[in-house]
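Visitor: Just so you know, the protein sequences line up as chains A and B, in that order.
Under the working numbering, the first residue of the first sequence carries the number 1, and numbering increases by one thereafter.
Under the working numbering, the first residue of the second sequence carries the number 1, and numbering increases by one thereafter.
Just so you know, these hints were derived from the structure itself, not from any lab.
Please note that a few of the clues may not be correct.
Calculated lysine-lysine pairs in the DSBU-like style (CA-CA distance at most 30 Å, straight line) [said to hold, decoys possible]:
{"hint": "1", "chain 1": "A", "residue 1": "K479", "chain 2": "B", "residue 2": "K390"}
{"hint": "2", "chain 1": "A", "residue 1": "K63", "chain 2": "A", "residue 2": "K376"}
{"hint": "3", "chain 1": "A", "residue 1": "K391", "chain 2": "B", "residue 2": "K335"}
{"hint": "4", "chain 1": "B", "residue 1": "K375", "chain 2": "B", "residue 2": "K335"}
{"hint": "5", "chain 1": "A", "residue 1": "K73", "chain 2": "A", "residue 2": "K459"}
{"hint": "6", "chain 1": "B", "residue 1": "K412", "chain 2": "B", "residue 2": "K390"}
{"hint": "7", "chain 1": "B", "residue 1": "K242", "chain 2": "A", "residue 2": "K233"}
{"hint": "8", "chain 1": "B", "residue 1": "K242", "chain 2": "B", "residue 2": "K335"}
{"hint": "9", "chain 1": "B", "residue 1": "K224", "chain 2": "A", "residue 2": "K233"}
{"hint": "10", "chain 1": "B", "residue 1": "K427", "chain 2": "A", "residue 2": "K479"}
{"hint": "11", "chain 1": "B", "residue 1": "K412", "chain 2": "B", "residue 2": "K335"}
{"hint": "12", "chain 1": "B", "residue 1": "K410", "chain 2": "B", "residue 2": "K391"}
{"hint": "13", "chain 1": "B", "residue 1": "K374", "chain 2": "B", "residue 2": "K427"}
{"hint": "14", "chain 1": "A", "residue 1": "K459", "chain 2": "B", "residue 2": "K390"}
{"hint": "15", "chain 1": "A", "residue 1": "K391", "chain 2": "A", "residue 2": "K367"}
{"hint": "16", "chain 1": "B", "residue 1": "K390", "chain 2": "B", "residue 2": "K341"}
{"hint": "17", "chain 1": "A", "residue 1": "K391", "chain 2": "A", "residue 2": "K84"}
Letter by letter, the chains look like this.
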Amino acid sequence: MVYDVLIIGAGCTGVMTARLLSAKNVKVAVVEASADVATGATAANSAIVHAGYDALPGTLKAKLNVRGNRLMKEIAAALDVELKEVGSHVVGFGDGDLVKLEELKARGEANGVPGLEIIGQDELRRMEPNISPEATHSLWAPSAAITCPYGITIAAAENAATNGVDFYFNFAVSDCSSAGGIHYVTNGTSTVAARYVLNCAGVSSAAVASILGENDFPVTITPRRGEYYILDKSVGSLANSTLFVCPSDRGKGILVSPTVHGNTIVGPNAYPIEDAADKSTTAAGLAEISAGARRIMPSIPLNAAITSFAGVRSTPNQYDFYIRPSEQIPGVIHAVGVESPGFASSPATAEYLVGLLEEAGLKLEDKPDYIPTRRKDGNHRQWNRLSDEEKNEKCRENPAYGKIVCRCETVTEGDLLDMLDSPIPAVTIDMMKRRLRAGMGRCQGGFCSPRVAALIAEKTGVTLDAVTKNGGGSWLVTKRTED
Amino acid sequence: MDMTTRKLIVIGGGPAGLSAAVAAVDAGLDPQDILVLERDSEPGGILNQCIHAGFGLHRFGEELTGPEYSGRYVAMARERNIPILCNAMVLSLTDDRRVTFVSPETGYTTISAEAVILAMGCRERTRGALSIPGSRPSGVYTAGCAQRYVNIEGYMPGHRVVILGSGDIGLIMARRMTLEGAKVLAVCEIMPYSGGLARNIEQCLNDFGIPLKLSHTVVNIHGKERVEGVTIAAVDEQNGRKPIPGTEEFIPCDTLLLSVGLIPENELTRGAGIGIDRMTNGASVNQYRETSAPGIYACGNVLHVHDLVDYVSEEADIAGRAAADRILERSAPVKSSVALKTGFGVRYTVPERIDLAEELVDVRIFFRVTDVYKKVQFVIESGNGDVLVKKAKSAAAPGEMESLTIPADKLKGVLESGAAEIKVYLKELGGQAK
C-alpha cells in the first residue's frame, strides 16, 4: 500500500502532526528508529511548556512557541493528560540582570506572550519562599506550564493510532528512493511507500535529510547533552513555579521546577557531544547542575535525588527552526533543527506542517468518524488518578485494579493490563514506565520490574528472557544454566 | 471478611508484622480483632525469596532458610486464626489511626483502629540515590531484585557480574550467582570495611575466591542497550571518599548488582506526621516501640535496618504486646520520659526514649557503632553521670547490631533522680570518650 503521508520520527513534532492528520481523510504512517514514541529529546528535557518570551520576535520559533503553548493546554485537556499552568520566573541577581529581564519582557510582548510582569524581591519571595535571598527580581510569565512531554506525546500517538495511523517501531531509515511521485523509505529490511514524507527526526533530522537525498543540505546538527536530577516527592514542593536563572552566554542555565508528578527537577547543563546516542551522565556534570541549583535555591535537598538522567537535544547551525519543503525532492518536507522550545511549539509546528502539506498539493478533508480520545471508548485514566468512589467502582468491576504492582507510584495490575491492550501496546519495561510511572518512584523498579516483566511475558505469550527494557539488545534475564 | 472495624491493624505480613500479631494474641487480644495487611500475594515478606540458610539461630536455636523462618510465623498466625489479607496495599495512614488500603478482595477501603503496628520493612537504595554516572542500559539491578529473578522467577539476571556494595544481600547474591554458573568478577565496597556480617564475607566470598575490593567504587557504567562493562576506581579515605584519578580499571561485564544499603519504607509514617529519627530513617520510639503518634507502633526493618531477623521478631513481640496492652487498657501511666542520646562511637539507639512508669522492667537498648573498633567498652549512663550498665567487647563494627540491657532497678534510680536523658557511648580501650 501507498500511504499519503509518511512521518519519520515519533517525537513530539512527528506525533502531534500524525494526530492532526488522523482527523483527516488521509492514510498516515510513522516510522521510528527506537522501540517507542517519544524516546529522544521529547523524553529527556525540562518538561516545561515555555511561555514564549525567549525567541526573537518575527522568527518561526517565536510564533510557534506562543501558539503551541496555548494549543498544548487544549490537547492536554482533550486527552486527559496532566498539565499545570504554574507559570515561570526568570530570576535575576542584581541590577545588571534587571536590564536583561526588561529586554526579555519586551521580546515576549512583541511575541504576544500574555501577562508578563517584572516582579521585585519581596513579591518574588512571597511567591517562592525557598528562593535564594540574593535573587532580586524576576520576569513572571503566568502562561508557562509543566506537563509530561512524553506522556502527552504518547497520548497523542494513541489518539492517532486509534484513528488509523500506523506506527512502525525499530525502523531506522537507511535509504530512500523515489519514482512516479512516490517515495520508498526503507530500513534495509522493510519498505514503506508514501506520496509525502515529513522529516521530523529530531537530533537525526539532518542525517535523515541526506538519506532522503538532499545534497548540500544547509542545516547541520550538533547533539548537545543536558543532565538532570529528579528529587523525591517526599521533599515536597520546593518551587511553586519553574525557576530559570537569568540567561547568560551559556544558554538558559540551570532551572529548578516542580514536575507535574510532584517531584522536583533540576538541570540541565549543556555540552556538545559526538555521539547523539550517548545519554550518559558524568560526575562533573551532576556537580555542575547541583551548584547551579544551589544558586537559585541554596537549601535544595539534593540528597533526595532519586535518579539522574541526560537528554540529548539537537542544536542547529542556525537560529530559527528550519521547517520548509525540500528544494530538491518534491513531496519531502523538513522539520529540522527544532531545538528548545521544540516541545512547547510542537502542536503549532504540527499545524504549520499540515499547512505546508496542503500547499504542496495534499487534499485534506475532515474524517466524519474521527475519535477525539485516546481509545475508542475514551481516555482510560490511570487508577491512581481517579476519585475515591471511582477507584472503588473500578476495583469492583475488575479486581485487577485492586492489586498494586508498583508500590511507589501506586500502579495497579489493571493499569498494566490496560496498557498491554492499548492501540500502541506497551511491551517493554520502559514503555510501561513511561505510560504508568511503574518503576519510576523511589525504589526505581526494584520491587515491581520483575513483576511487570512477568506480566508482559505472560500476556504477550513469550518467556521472561524475551522481555526487554527498551527493545533491541536490552535483555533483562537469560535462561538459567540447567544442571 | 468483615472490613468495618478492627482494634489492631498490622501493616505488613513479614516476620515483623506476623510476630507482632502473634504476640498480641498471646497477650490476650482476640484474633478476630486483628487484621494483618500484606501487599504481596502471600505472607512472609522478603524472606520468601531468601532461600539460603542462616536464619533463626537466636530465636529457634537452629539454622533455617528464609522461607522456613517466615513459614513458622505464618503457621503461628494461622494456628491462632489471625486474619491476613494479602494483595492489600496501604495507601495512607493518619495519626489518629485511620488506615486506607486497596485490595482485589475489598476494593478501596478505610478502617479506623485503636492501635496500628507499622511493619512495612525496607527497600534497597538504588543507582539513582548514588548518582553513579554513565549510560542507562539494562543489566543494573539491586541485589534483591536480582535475587527475585533467580529464586522466584527462575531466570538469571546475567553471566558476568560486578557487585557494588558489600551489604549482606550483595554477599549472599555473589554466592548465589556463582552457584548458578555466573562469574562474579569483583565486589567493590566504598568503605574500608564491609557492611555485611563477618560470616557472610567468609562463606559467600572467600569460599568462592571472589575478590572483595575495599575502598573501591564504580565510577562509570558502560553500554547502550545492555551493560557492557563498568569502570571501578579506588577512593581516597582522606578526601571524602572521592575516586583517585589514575586508579580506574575497566571490567567487562553484563551485569551490575547494587547492595548499597537499605532504607526503611516510612512513606506512610511520614504521611501521618510521625516523628522520624534522622539516623535510623525510622520512627522515633519508646521502649514499647510506640511512635510519636499514640497507639501507632513500629517494628522490624521499617523501624531500623536489622542484620538478623531474630532481632526483628524480638522487637515485634514488644510492639505486639504493647498494642494489646493499650487495647485491653492495661498500659501503666507514664510518670516521666527520658531521651536516649548517642555519644562517642554510637550512631543510633533504638528505642530513642524510655517512658518511665511506677512498675519498671529491664529495657534492652539496641545500637550501632559508627566505625570499626577494637577493644571497646560500651557505656550507658544517666544524665547525672551515674553509670547504668557497661560491657567490654573485643571488636565492634557498624555491620553488627549491639545491645545492652538497663536493669529495672537502675531505671528506678533514673526516675527518682529526675534525669532528663540517658547517654550511650563507647570508650576505646586506653582512649578517652568524648
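Visitor: Holds or violated: are the alpha carbons of A/K479 and B/K390 at most 30 Å from each other?
Guide: The hint is violated at about 54 Å.
Visitor: Between A/K459 and B/K390, does the CA-CA distance stay at or below 30 Å?
Guide: violated (61 Å)
Visitor: Would you mind confirming whether the straight-line C-alpha gap from B/K242 to B/K335 stays at or under 30 Å?
Guide: Violated. B/K242 to B/K335 sits at ~50 Å, over the 30 Å cutoff.
Visitor: Can the restraint linking B/K427 and A/K479 be considered satisfied, given a maximum Cα separation of 30 Å?
Guide: Violated, because 53 Å separates the two Cα atoms, which is more than 30 Å.
Visitor: Would the pair A/K73 and A/K459 pass a check requiring their Cα atoms to be no farther apart than 30 Å?
Guide: violated (35 Å)
Visitor: Does B/K335 lie within 30 Å of B/K412 when you go C-alpha to C-alpha?
Guide: Since the Cα atoms of B/K412 and B/K335 sit roughly 11 Å apart, the hinted pair holds (cutoff 30 Å).
Visitor: Check whether the Cα positions of A/K391 and A/K84 lie no farther apart than 30 Å.
Guide: holds (23 Å)
Visitor: Has the given pair, B/K224 with A/K233, been kept, meaning a C-alpha gap of at most 30 Å?
Guide: Status holds; Cα separation ~29 Å.
Visitor: Need the status of pair B/K375, B/K335: alpha-carbon distance at most 30 Å?
Guide: Not OK: B/K375 and B/K335 at ~38 Å, beyond 30 Å, violated.
Visitor: Is B/K412 close enough to B/K390, meaning Cα to Cα at most 30 Å?
Guide: holds (17 Å)
Visitor: With the threshold set at 30 Å, check whether the alpha-carbon distance from B/K410 to B/K391 stays at or below it.
Guide: holds (15 Å)
Visitor: Given the proposed pairing of A/K391 with A/K367, does the C-alpha separation stay at or below 30 Å?
Guide: Since the Cα atoms of A/K391 and A/K367 sit roughly 35 Å apart, the hinted pair is violated (cutoff 30 Å).
Checked against the numbered hints given earlier, the structure breaks hints 1, 2, 3, 4, 5, 8, 10, 14, 15 and satisfies all the rest.
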